[in-house]
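Top line first, the protein sequences correspond to chains A and E. Final position of the first sequence in numbering that gives the first Met the number 0 is 230; the numbers increase by one with none missing. Final position of the second sequence in numbering that gives the first Met the number 0 is 219; the numbers increase by one with none missing.
You may find that some hints are simply not true.
Facing chain A, a subset of chain E residues (Cβ under 7 Å, in silico) [as the list claims (entries may be wrong)]: (1) Q93; (2) R156; (3) G159; (4) P162; (5) A185.
Simulated from the structure, these hints should not be mistaken for laboratory data. Computed from a predicted model, the values in this text were never measured in an experiment. Ideal Cβ placement from N, Cα and C applies to all residues, glycine included.
Listed here are the chains, written in short residue letters.
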Amino acid sequence: MHLDHGHTHHGSVSADAHRPDGTRRALRIGLGGPVGSGKTATVAALCRHLRDTLSLAVVTNDIYTREDAEFLLREAVLPPERIQAVETGACPHTAIRDDISANLEAVEELEDTVGPLDLILVESGGDNLTATFSRGLVDAQIFVIDVAGGDDIPRKGGPGVTTADLLVVNKTDLAPYVGSDLGRMARDAAEQRGDLPVAFTSLRSAEGVGPVADWVRERLAAWTALPAPTA
Amino acid sequence: MTRSALLVLADGRFPAGGHAHSGGAEAAVKAGRIRDAAGLEAFCLGRLHTTGLTAAGLAAAAALGHDPYELDAAADARTPSPALRAASRRLGRQLMRAARATWPGPGLDALAAAFPRGAHQPVVLGATARAAGRGPEDAAHCAAYETAGGPATATVRLLGLDPYQATAVLARLAPVMDEVAARATAAAREGVDALPAASAPLLDITAEQHAAWPVRLFAS
Numbered sequence: 000m001h002l003d004h005g006h007t008h009h010g011s012v013s014a015d016a017h018r019p020d021g022t023r024r025a026l027r028i029g030l031g032g033p034v035g036s037g038k039t040a041t042v043a044a045l046c047r048h049l050r051d052t053l054s055l056a057v058v059t060n061d062i063y064t065r066e067d068a069e070f071l072l073r074e075a076v077l078p079p080e081r082i083q084a085v086e087t088g089a090c091p092h093t094a095i096r097d098d099i100s101a102n103l104e105a106v107e108e109l110e111d112t113v114g115p116l117d118l119i120l121v122e123s124g125g126d127n128l129t130a131t132f133s134r135g136l137v138d139a140q141i142f143v144i145d146v147a148g149g150d151d152i153p154r155k156g157g158p159g160v161t162t163a164d165l166l167v168v169n170k171t172d173l174a175p176y177v178g179s180d181l182g183r184m185a186r187d188a189a190e191q192r193g194d195l196p197v198a199f200t201s202l203r204s205a206e207g208v209g210p211v212a213d214w215v216r217e218r219l220a221a222w223t224a225l226p227a228p229t230a
Numbered sequence: 000m001t002r003s004a005l006l007v008l009a010d011g012r013f014p015a016g017g018h019a020h021s022g023g024a025e026a027a028v029k030a031g032r033i034r035d036a037a038g039l040e041a042f043c044l045g046r047l048h049t050t051g052l053t054a055a056g057l058a059a060a061a062a063l064g065h066d067p068y069e070l071d072a073a074a075d076a077r078t079p080s081p082a083l084r085a086a087s088r089r090l091g092r093q094l095m096r097a098a099r100a101t102w103p104g105p106g107l108d109a110l111a112a113a114f115p116r117g118a119h120q121p122v123v124l125g126a127t128a129r130a131a132g133r134g135p136e137d138a139a140h141c142a143a144y145e146t147a148g149g150p151a152t153a154t155v156r157l158l159g160l161d162p163y164q165a166t167a168v169l170a171r172l173a174p175v176m177d178e179v180a181a182r183a184t185a186a187a188r189e190g191v192d193a194l195p196a197a198s199a200p201l202l203d204i205t206a207e208q209h210a211a212w213p214v215r216l217f218a219s
C-alpha cells in the first residue's frame, strides 16, 4: 500500500494542536467523575466565570437524556449554539476514552460553527472512579468528586483520582452534615497524587468555583504560550 | 495485504462510533419486538436480508473502486428515513476519521475531501477496506457483520440479555451473513445500477420515532 505521509488534512484525525487551516485549536479540558458530584454545576459555574473574557463552548456526554445540555441551556450559561450534546450508547467512558470519534466531531464542529474558541469543556456522563479521558480528545482533565460521596474516595484512588490533572472535591459546605473529614481527604489525595493539585470547592456561592477557574486560566496561558503551530 | 487487517476493521472496538448506535434495536426493545435471544435473532435476520444486504452491496461496490459520488447518491436513494440518513453520514465521518488514522493514504484523503460532511457509512466502509488492502467480499462481510453485531451488543446493554446467548445468535447467523455478503458482492461486480435496494419500512418508521424520543440510550 502507498503510504502518503504528506497527505492534506480535511478534518484532523487525532489530537493535532492545530486546525486544518493551520491556526491553533482551542484548549480542550475534560471533566469527569461519579454521578451527582457536581460536574455540570462546575461547568456552569466555569462558564459564568470565564465567558466574559474567553470564547467558550461545551460538549456534554449525557448517559440517556439531554439533561446536562438542557440544564446548561436553562441556566443560560452560554448561547445554545455553544453547547453540543453527544450520545454515548449507555457507555459514557467509551465515548471519552476508547472511541472518541463522536466527541472529536463535536469539538471540531463547535470550532467550525462558533469559533474561534479559546476553550472547550468536555463534560463526561457520570461514571465510576476508573473513567478517564483519552489524551487524543482532551489536553487536560479535571476529576470531580464530592464530600457526600464518602471521605474515603481519595484513599480508594483509581485512575480518575490519582491521574487527573486537577482533582476537585466539591460540596465542602456539606462536610459537617455528612461526617466527612476534609483534612483526611486532603491528606489522602496528596498521598495518591503527589504534586498534582487538588481544589476544594463549594458552588453555593458565585465565587466558589474560583480555584478551578484559576487553574483553567493557568492551563490556557500555558497552551497559548506554546510555539505557534506550523501550517 | 494481510487477512488480519480485516480483523482490525471488523473488531467491535474499532473506534468508529458504532457503540452509540443500536441499529434500531432500542426502538424494537421498547416496542416489545425484542424480548430475548430469539427476538434478537429474528430482528437481526430481518435486518440482514434488508438493510444489511443493501449496505453490504454499497460497501462491496466502494471496495471495488466504483465512483463514490454515484455510490453516495445510491445510498441516499436507498435510505428514505432522514434520521437514518443523518446517522449514516455521521457514522461515515466518524469511520473516516478512524480509517485515515489507521490506513492513511490518498484514496481516503480524496473521499474525505469530496464529502466534508461525511459520506454514507457503507461507502466509507468499502473505501476503508480498499485502503486496508481488502477486497469487496471482505467489505461486504464487515457490513453484514455490523448489521447484526450492533443490535446484539445494544440488546445486551438494553435488556441485560445474557452475553453468551447474544454471541450465540451471531454465530447462528454467520451462514446468513456469508450468503448476504456473497449476494452483495456479486451485485456490486455488475455495477452500481445492480446494487440491492432492499429496505425494512418498519426500521425506517421506528428510526424516525426514536429520533424524536426525549430519553434514549442510543443515538439511533
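We went through each hint and held it up to the structure:
1. Q93: Result: holds, 4 Å to nearest chain A Cβ.
2. R156: 5 Å, holds
3. G159: 11 Å, violated
4. P162: Violated - the Cβ of E/P162 stays beyond 7 Å from chain A, reaching only about 14 Å at its closest.
5. A185: Check failed: Cβ of E/A185 comes no nearer than 26 Å to chain A, outside 7 Å.
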